[in-house]
Each structure stands twice: as structure tokens, then as C-alpha cells.
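Peer 1: Based on the sequences and whatever the hints tell you, model everything.
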Amino acid sequence: MRRVTNLYRSSVGKKVLMAATGVIFVLFVIGHMYGNLNAFYGPDSFNHYAEFLREMGSPLFMHGQLLWIIRIALVVAVLLHVVPALQLWIMGSRARPVKYAHGLEIEETTIGARTMRWGGLLLLLFVVLHLLHLTVGSIHPEFVPGDAYNNLVVGFQWWPVPIAYIVVMAALCLHLYHGVWSSMQTLGISHPRFNRYRRPIAVIVAAVVFVGFIATPVAVMAGLLALT
Amino acid sequence: MDIILHVWRQKSAADKGGFVRYDAKNVNEHMSFLEMLDTVNEELLEKGEEPIAFEHDCREGICGTCGLVINGSPHGPQRGAATCQLHMRTFKHGDELWIEPWRAKAFPVIKDLVVDRSPLDRIVESAGFISAHTGGVPDANAILIPKENADLAMDAASCIGCGACVAACPNASAMLFTSAKVSHLGLLPQGQPERIARVLKMVGTMDEEGFGGCTNHQECEAACPKEISINFIARLNRDL
Amino acid sequence: MQLDSKIPSGPVQDKWDKHRFELKLVNPANKRKYDVIVVGSGLAGASAAASLAELGYNVKCFCFQDSSRRAHSIAAQGGINAAKNYPNDGDSIWRLFYDTVKGGDYRAREANVYRLAQVSGNIIDQCVAQGVPFAREYGGMLDNRSFGGAQVSRTFYARGQTGQQLLIGAYHALARQVGIGKVKMYARTEMLDVVVEDGRAQGIVVRDLVTGKIESHAAHAVVLGTGGYSNAFFLSTNAKGSNVTATWRAHKRGAAFANPCFTQIHPTCIPASGDYQSKLTLMSESLRNDGRIWVPSGQKDDRDPGGIPESERDYYLERLYPSFGNLTPRDIASRRAKEMVDSGHGVGELHNGVYLDFGEAINRLGRQVISERYGNLFEMYERITGDDPYETPMRIYPAPHYTMGGLWVDYNLESTVPGLFVIGEANFSDHGANRLGASALMQGLADGYFVLPYTIGSYLARLGPIDVASNTAAFHAVETETSDKIKKMLDVNGSRTVDSIHRELGRILWEECGMGRNHAGLKQALEKIPVLRDRFWQDVKVTGRNEDLNQTLEKAGRLADFLEFGELMCYDALQREESCGGHFREEYQTEEGEAKRNDDEFAYVAAWEFTGVGSTPTLHKEPLTFEDVPLSQRSYK
Ligand SMILES: Cc1cc2nc3c(=O)[nH]c(=O)nc-3n(C[C@H](O)[C@H](O)[C@H](O)COP(=O)(O)OP(=O)(O)OC[C@H]3O[C@@H](n4cnc5c(N)ncnc54)[C@H](O)[C@@H]3O)c2cc1C
Ligand code: HEM
Ligand code: HEM
Ligand code: SF4
Ligand code: F3S
Ligand code: FES
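From first to last, the protein sequence lines stand for chains P, A and D. First residue of the first sequence: 660, per my numbering; consecutive thereafter. First residue of the second sequence: 193, per my numbering; consecutive thereafter. First residue of the third sequence: 790, per my numbering; consecutive thereafter.
Bear in mind the hints are in silico, worked out from the structure with no lab data behind them. Heads up, a few of these hints could be off.
Subject to a maximum C-alpha distance of 30 Å in a straight line, what follows is the list of computed BS3-like cross-link-like pairs (lysine-lysine) [stated by the list, open to error]:
#1 A:K203 <-> A:K239
#2 D:K1276 <-> A:K239
#3 D:K807 <-> D:K820
#4 P:K758 <-> A:K203
#5 D:K1274 <-> A:K203
#6 D:K1002 <-> D:K1041
#7 D:K1002 <-> A:K208
#8 A:K297 <-> D:K971
#9 A:K203 <-> D:K973
#10 A:K239 <-> D:K1002
#11 A:K203 <-> D:K1330
#12 D:K822 <-> D:K971
With beta-carbon atoms standing in for the labels, derived distance ranges [what the hints assert, rightly or not]:
#13 A:P300 <-> P:I749: 15 to 23 Å
#14 P:R855 <-> D:E1161: 19 to 27 Å
#15 A:N220 <-> D:Q1327: 30 to 38 Å
We put the CB at the ideal spot given by N, CA and C, even for glycine.
Peer 2: This is how it looks when you write it as C-alpha cells:
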């Protein structure tokens, strides 16, 4: 245990934690994206998916149990991801009290890397709203528990909503573009022969997630996904 | 050629400092950047003004003493070169250059362009060595070391401790320097016994000294006059 | 002044072992009662400080750079010698000993040189244990190369950065001791004087380069590892900060200075490109293994080298020295290059260089092989000059590089001031009149790791763990003297910059006491230098104040010492009416223009005693005898 706390106290330990939770997010997001794509197979399959989320794990777990476990896990993960992020952020800015006259010449670092923090916060904000929107439904025009499909389609009727989603997905895409590569670096997944694949992997993950996610809002706007 | 310089002047650590403009007239393209500053200083002296304080010693890119941020690039625009290896032919007539010291909380300015880099020494003092006392060591060929490892260790060991990685890092992190040290010793059989303890102690000191944390911006690698690779950072992370 | 070299009796192979046995030991429990000051954190200083601290002494270590790791040793490129005979090519302690004495043109002490060869092997073991990443073969064994024209491969190297890696090894050992508090490191601190009282060195007076504070440090013994004085020439391959201050001030306090005129001019440096030139850059000697040196047969030939036909090229080294060709020893290669340039065959815009041509080697071995061997050096050259050595030949010219002379020390590395020890390039060393490539790193580490720690113990044991204090009258007197000198420099407020005067001194020494010396020229120099020194004290301009970082003041202080020291170099060169190694007196040469040694009259070490600034120093002679390496003329024909 002390080993762990010591680790956490160090700047590197914080990063490792972020990388680990980051990877969890990546997996979740991919899974989630896959789920969303069910919408294209019609209401039933999508609602089944929503239902499946809740039935998942039975008979071992009762209705919704595993989902709750996952939810809790996610919340914890978010904390373990954001807190060190903020700590590193503070640490970094404290470490350079005086800035350069014309900033640093950019040589290597990517927009992805430089937008991690704000991008991340945006994501945080999004997730909150997003839950109220499509899971809890409190900020949803006419939320019908259980009818995820229609909630989704209705939720996207007013055009600014899907647009906002798409924008956020762009941010997510950037976040992953750096995040996926970065997590490999942080977790020490580095080998002369493997390293040249790290960037491409990040690009692919980021791109797939982006396309996969915006598919639904776009489709709704295009009217491909209509109410039943 | 003529060059316009905006040089950071700061009387002492206490002084707040600011940029002062100097015009370097008919600069010879074969001059090194520091020789250009020498000539500016000679003129200042003739006028009875205090010359610009900047650090240098070997003037051939090996001692790690020199280090200026030129238009936002530590050690200037040329890759894989220290400030003292920079020659005026990389610039052109009429260029306007902003010259600043390394900027980091851990590197307080002492005067003008001179900063205090002793935190790097303290990182090494905390554990950056192999505890071999003088004498009583085995024959040099008693331990065989695969060429690849020796070469890789050498890559890491070629760090000159200039601190440009810190200056270049958006987080002012000393991760590249520390990882180079850790890797140099960690790659050699002699370095194994203390390997884990070494990483923990050195990273601990690094944090205490007030450097930022690394968030993989890779700017350090780009600024490093010895082109030390960030793969060593990954290696450090793994050891930790 | 008495010169007692304290060389042990008996056959040369047994001297060191015998001596080590006879040396008094300090009781382990008492070691912590002794304080030792080590000035310098180069290979010599760092290795000594670390080793002494490991033994239990309390060490204070000083350097003027911002970190001990930046000592000038870091710049050494080529490699370090050791008689390991790993390649099985017939090397041995005896051969290294023999080569060094002969290479030094019979002006070194046999006993010291043999000891150096004896411990050379331990150095490599030590460095490997510290994690120095020497070059290795695929089998995992250490790689060796032949260096500086040696007939055997005994040079260990780490790319082109051997000095850096060795110093980092020593620096790590030092850092370890600093970490556990056995060494107190004083970086950015310049030693300005030695305090000698009751006939022994009691401590030093230093200036904190950041605050300007003048402070005293007392100890049971003082060790100087402050490097060489090549910067007397202003333009040299040494780091800008390298200076003679520490050794010179020690000299003024009674330490004899030996063979000051023995300076080494390195043949393969990049020629100056203009009068703004601040220092010269060395190109590793290894380049001469494949590069061919030539000049155009015609004078002031400004054609592009490629356009000059073979018939009009003079490969003068190959012509004059058929057997050694381009690999003749440093002093010869340098002198011949100077002749070529002086006789109007110089190349480059300023006609101040000779060609080092890889064209033929590239055709023979292919660009690939050449870039593997010299890639980084070629890059370095292109970065500095802007031309590509693969396309056009390099331009090279000799430059001051190493100083064999230094403070006189006995077999225990103790100067003529009891309790003042001198190690590394700072002492007059084991290299005689000329140093072989890759031997300085060896000597620095030998002194620091394996010689001084023994010999200093014997001195301390005899002294006993007496109290030492720096608040005595003696220290205060020296402190005031030092402050006054600084004040004086700041008060001149004249019109000449420090560098302009230093350049002038450099030019005088280079012309009259450089590669070729003669009676008339040296006499002239002895006229000019005092005049220049007066000009300095009347007309130098030192801006700023003492109380903060003041680089102009630092430079001025060092120049003031060079201005006194330069004279001694000339006195020594004048006195030595023979040619040997790096010291070439034009009056004393063979018909073929080779150095003509005079062993009957000059087989001695010239140790000078200080008699006051401007007054002729007194010469003391330590006769040299050669029992194991029979005297013979060097011939590289
Ligand atoms: C470019 C170059 C290449 C070389 N290549 C080789 C090579 O390949 N092989 C080889 O064997 N040799 C080589 N040499 C020679 C060799 O590097 C030096 O002779 C050797 O490193 C000297 O080591 P040192 O410890 O005696 O002195 P240095 O390394 O010069 O250390 C001097 C120390 O003394 C300190 N100091 C000096 N004055 C003061 C003062 N007044 N107060 C406080 N501190 C002071 C400095 O801070 C420094 O720490 C080379 C030299 C040069 C210039
Ligand atoms: C256009 C993109 C997205 C769409 C269309 C979408 C759609 C949905 C829908 C319909 C639900 C409700 C599922 C249910 O309650 O049965 C949901 C839940 C959720 N979504 Fe999204 N989502 C998108 C993007 C994201 C992103 C980028 C994240 C995280 C970074 C995210 C995180 C979540 C979470 C945490 C839940 C709650 C899961 C649960 O606990 O039930 N979503 N999403
Ligand atoms: C919830 C709000 C989030 C915030 C505030 C946030 C913030 C951050 C920050 C600041 C970093 C550090 C980047 C760096 O400096 O290197 C980071 C890294 C990362 N994030 Fe996020 N992020 C969030 C959500 C997410 C999500 C939803 C995912 C995945 C879909 C994710 C995946 C990652 C990954 C993989 C990393 C790389 C970790 C590393 O650098 O080693 N993050 N995040
Ligand atoms: S890693 Fe590179 S930039 Fe950093 S200190 Fe070492 S040499 Fe300088
Ligand atoms: S730039 Fe800084 S963030 Fe890490 S990769 Fe280099 S230390
Ligand atoms: S001055 Fe030594 S590295 Fe630049």
C-alpha cells in the first residue's frame, strides 16, 4: 500500500493513474459507441441494447445491478482521472512562474496534447449534461424511461443539441488522439520495434470513436432515424 | 549582416528585469552565436556599460554550461545543437531575435541570462549513481555487456545536463534529464542492484525541486542538443 | 628551495609497491578528524575528492563552473590509454611505460611514468564498475583502438565523448559523497590564493562568484587539480574558463613551477575564421588515420581544392616521413603545418590552414565506412565551418591544447609547499616534453583514484589531527590582499577591454613561445609582456562591482595572472637551449629540421622559484636519469 501511495505522490504516479483510468474510458467509450450504433438496426435492437445494459450479468446480478457497478466504477475512474489531471496542471503552471516573451516555439507537441486539459474539462461537463439528458432525462423535452430510442431521437430534434454533441465528439477525438498515444508512453509501453505503431493506433482509435459517435446525431438530423 | 537583439537584462535574482534592444551591426556569418554576443559585449564595455551576462565554457557543445532561449527555442532553431554550436549563418540580415534565460521556478535567474541549475545536480546526488567505491572492483571484462545495451546506455549518457529540456517543456518538467540518467545506469548490469530505489529517489527529488510533471509533450526531445529520446521517459515510467 | 623527488629505491617495477608499504597510514577511526580541500572537480579533482571522502576524510571540493560536472575534462574526445593488452597485440605495462617516456622525449621521471602505466588497468576497471559505457564489441567485450600513432591498440573510448563519460563517472562518485555529506561541494567558487603558514599549506581563500564574498577555508591538506594553462595563448582548445590562477598563486606562495614552456600544440584543429574568434575547436586526432594532409605546391593558390591536380599537391608529411606519414607525433605534425603556412602554402580564405583530405579514403573504403568512423566529427566540422568534408577537404591548423608543465611535485604528488598536493594537468606531470594522445585522462584519474589517496594519508598521519581554523591572522592577511587586488582592478576604469589585452598577450606568446622559439624572439617577448602587464594595470576597463556575478572581473583576474605567468614561460623556453618534444628551439635542429635534444646539458626538470613580479625567477634543476629506457633520438622517418 505504501508503495502505491508513494507512487501516487510522485508526478509520474499521477500520470500512471490517469493513463490507467484513461484506458478504462477508452474501452467504455468504444463499447458505448458500438451500442449507439444499434440505433441503426431500428428501435427494438437499440432498446434491447439499453435493456441489455440493465439485464447484463444476470442471473449473477439482478436487474440493473451490474450496470450500477459499472456506473460507480466509472464515477470513481472519472475522479481518479480528473483529480491528478488538475494536480499536474497546477504543478506545471507553478513550475513556470515567468512565461516566455513570445511563448515557446512549437516543435513537436500536438494540438491534442495542448488541449488535453480544457478538452478534458469540456468532456466532464458534457458527461454530466449528457447523463441528465439521455439517462436521467431531467433536461429532456419528453423523456420516456425505457424507451431509449425515442429519447435519443427526440433529444436530437432541436438542432443545436446534435451540433453540440458533434462538437464535443471532436474534442473527445482530440483528447484520444493524444491520450491513447500518451497512455502507452506513460505505461511504459515502448519498444524500438513497436513505437512506430503508437501514433497510428491513437489516430485510428480517435477517428473510429469520432465517426462512430457522430453517426447517430447526424443520422437524426438527416432524418434517417425517425420516431416510431 | 545586421541583427536586432532583444536581450533579457536582470541585475540580480531580486530585480524584476526586462528586455533591452541592441543592434548587432555587420555580423559575420561564420561567427558563432556566442561570438556575436561577445562583440556586442565588447561594444558595451567600450561604452562603459555592463556587458550581457551569459554562461558558456567549452564552446563546443559538451560541457552543458551555455543555454539561451532564442525566439522561444531553447538553444535556438538548430536541432541537435547547443547554443554555443549555433552559427550566425543560420540567421539572415534583419532578423529580430528575442533572447531569454531558461524559464522555470526550479531555475531562478541569477543575472541576465544566467540561471541556477543546481537542482539537476541534487537529482543526481539523491541517487543518480552506482555505489562503487574506489578499488576492489572486478576486471573490466569480467562482466560482458551486449553492444546494443552499451550503445543505448551511451545514448542516454550523452546528456550534457544543460537543462534545455526543462526550458522547452510546457510543464517545465525535468523528466527527460532524469530519465536519461536513470536509463544510462539502468541499462547496465552494474546498475541493476540499485535500479528501483534509484528511480524512486530521483523522481522524488525531481518533484521536490519544483519541476512540473511530464505530460508527454515531446518538446524536450526536440530541444535537446544531444537529441535524447523520450523513449527513456517511457523506460523510467516502466521502472517506476 | 630543496627539490627532493622522494623516488623510492629499487627496481622500477617494485618502487610503487615498496613505497605504498612504507607510507604511514591514518587510523580508520581518526580519518574523520582530518579535513582536506580539493580545488577542481575535473577528472583529477573529482576522483580524488570522491576517493578521499570514501576513505573517511572530510572533503571540501571547489570549482568555478556552476556544476562540478562541467570541468574541462568533459571535452576530451579521443580516449584513455591502459596497458590491458585485451587485443593481445603485445602491449604491457612495460611497453606503455616505455612509449610514454620516449614519447615525452626523455624529460619525464621514469618512476612516475612506470607507476602511471602500472595503475592504468585499474582505472578502466574502476570506470566500468561506475557504469562508464565504453565502446564494446558484439561479443560484449571492451573495444580498443590505436590512437595518436601508437603501435598497439590500448585506447579505450566512448564514442567521441570519452572525457565526458569518464568525468560523469567521477562526478557520480563525487555526487554520491555530496549526497551523504562527506563532501561539501562549492560550485561557482573561485580559489584566489593559498594560505601558507608555519611552513605548510593551511587552506585557501576563495571568491563566491555569485555574491563576490571573499571567504577562507582551512584544512589539514590542500589539493590542486585545477587543470592546464593553454589559455595563456588566448586562442586554445581549452574551455574559456580554464586558467592558471590557482597554480600561479600557489607558485607565488612558494610552490616551484616546473617546465612551464612545455606546451602541446595539437595538429588537427579548425583554423580561426576571423579576429572575433573566441576559441579553437579540436578535431579528434583519429582523423589522421584515414585523412591525408596536403597543401598546394604553389603559393597563395586560391583554386578550389578539387580543381588542384595531384601533381600540384604536396603531401608533405608522407613526403618527409615515409614510414609514419600522416601519423607522425603531434609536435612534428604541428610544426610542419606551421612551416607550410608560414611559407605561403596556407589554404582557406585567410591562408591559415592545411588540407586534411578524405577523398582518397572515401574512394577506397566508401562513404559508408567513413561516416561510421567519423560521422559525428564530420558533422561537427560542417556545423562550424559550413563546408561538407565528404565533398571538400577539411581545413586544419595546430592550436594550443595541453600543457605538460605545471607545479613541480615529488613522487607523492606533493609540491615544494608541504601539505600542498597537485594532481592532473595542473602538476608538471608524467608526460615530459610531449604528451601522447589519450594519456592525460589516464594520468588525471591515476592521480585521483590510485596515487593521491595513499600518499596524502602519509602526510596527514605525520601531521596528526591538529585543530585547523580559518580565523587566524594569516588568513585575514591573505583575504585583505585578495580584496585589495580586486578593488584595484575595478578602480583602474581605463579604456582597454580585458579580452583585447588577452588577445595581445596570446599573440605575443603564440609568435615567440609557440611552436617555434628562438633566442631573439623570446628576448623580445620578455620585453613586451611587462609593458603589456603595466598597460593592463593602468588602462584595463572592468565594469560592474565585486558584490555580484561579474564575469568581466573574473576574466580580468585570470588575465592578470596570465600576464605574470607568460613571462615565466618565456624564461623557461629561453633557458632550455635544446629542442625536445613540444619545445622547438629553432637554433637547435638537425639538417632535416628535426628537434635536436641535448641530454648532456638539459636532461633535467626546470623548477622555477618565484622571486617577485617582474624580477627574474630562480631556476632549480632536478636531474633526470634513465636506467630502464635508454636515451635515444626519436626518429619517425
Ligand atoms: C579538446 C580537448 C580534448 C582532449 N582530448 C583528450 C583525449 O582524448 N585524451 C586524453 O587523455 N586527454 C585529452 N585532453 C586532455 C585532458 O582532457 C585534460 O588534460 C584533463 O582532462 C585535465 O583534467 P584535470 O582534472 O587535470 O583538469 P580539468 O578537467 O581542466 O579541471 C579543472 C578543474 O579545476 C577547477 N578550477 C580551475 N581553476 C580554479 C580556480 N581558480 N578555483 C576553483 N576551481 C578552479 C575547474 O572548475 C575544474 O573543475 C583533451 C583536452 C582538450 C582541451
Ligand atoms: C453522439 C454521442 C453519444 C450518444 C448518441 C450517446 C447516447 C447515449 C444514450 C442513448 C444513453 C442512454 C443509455 C441508457 O440509459 O440506456 C447514454 C448513456 C451514457 N453515455 Fe452516451 N452517448 C454519446 C456519447 C457519450 C460520450 C462521449 C460519453 C463519455 C465520454 C458518454 C457517456 C455516457 C454515459 C456514462 C452514459 C450512462 C450509461 C449508464 O450508466 O446508463 N456518452 N448515451
Ligand atoms: C471526464 C473528464 C476528463 C478530463 C478532465 C480529462 C483530462 C485529462 C487530462 C488533463 C489528461 C492528461 C493529458 C496529458 O497531459 O498528457 C488526460 C489524459 C487522458 N485522458 Fe482524459 N480527461 C477526461 C475524460 C477522458 C475520457 C472520457 C477519456 C476516454 C474516452 C479520456 C482518456 C484519456 C487518456 C487515454 C489519457 C492519457 C493518459 C496519459 O496521458 O497517460 N479522458 N485526460
Ligand atoms: S536531456 Fe538533453 S536537454 Fe536535457 S539536460 Fe540532458 S542534454 Fe540537456
Ligand atoms: S516536453 Fe515536457 S511534458 Fe514530458 S515529454 Fe518532455 S517533459
Ligand atoms: S559552452 Fe559548453 S556546451 Fe555550450
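Peer 1: Which of the stated hints cannot be reconciled with the structure, identified by number in ascending sequence?
Peer 2: none
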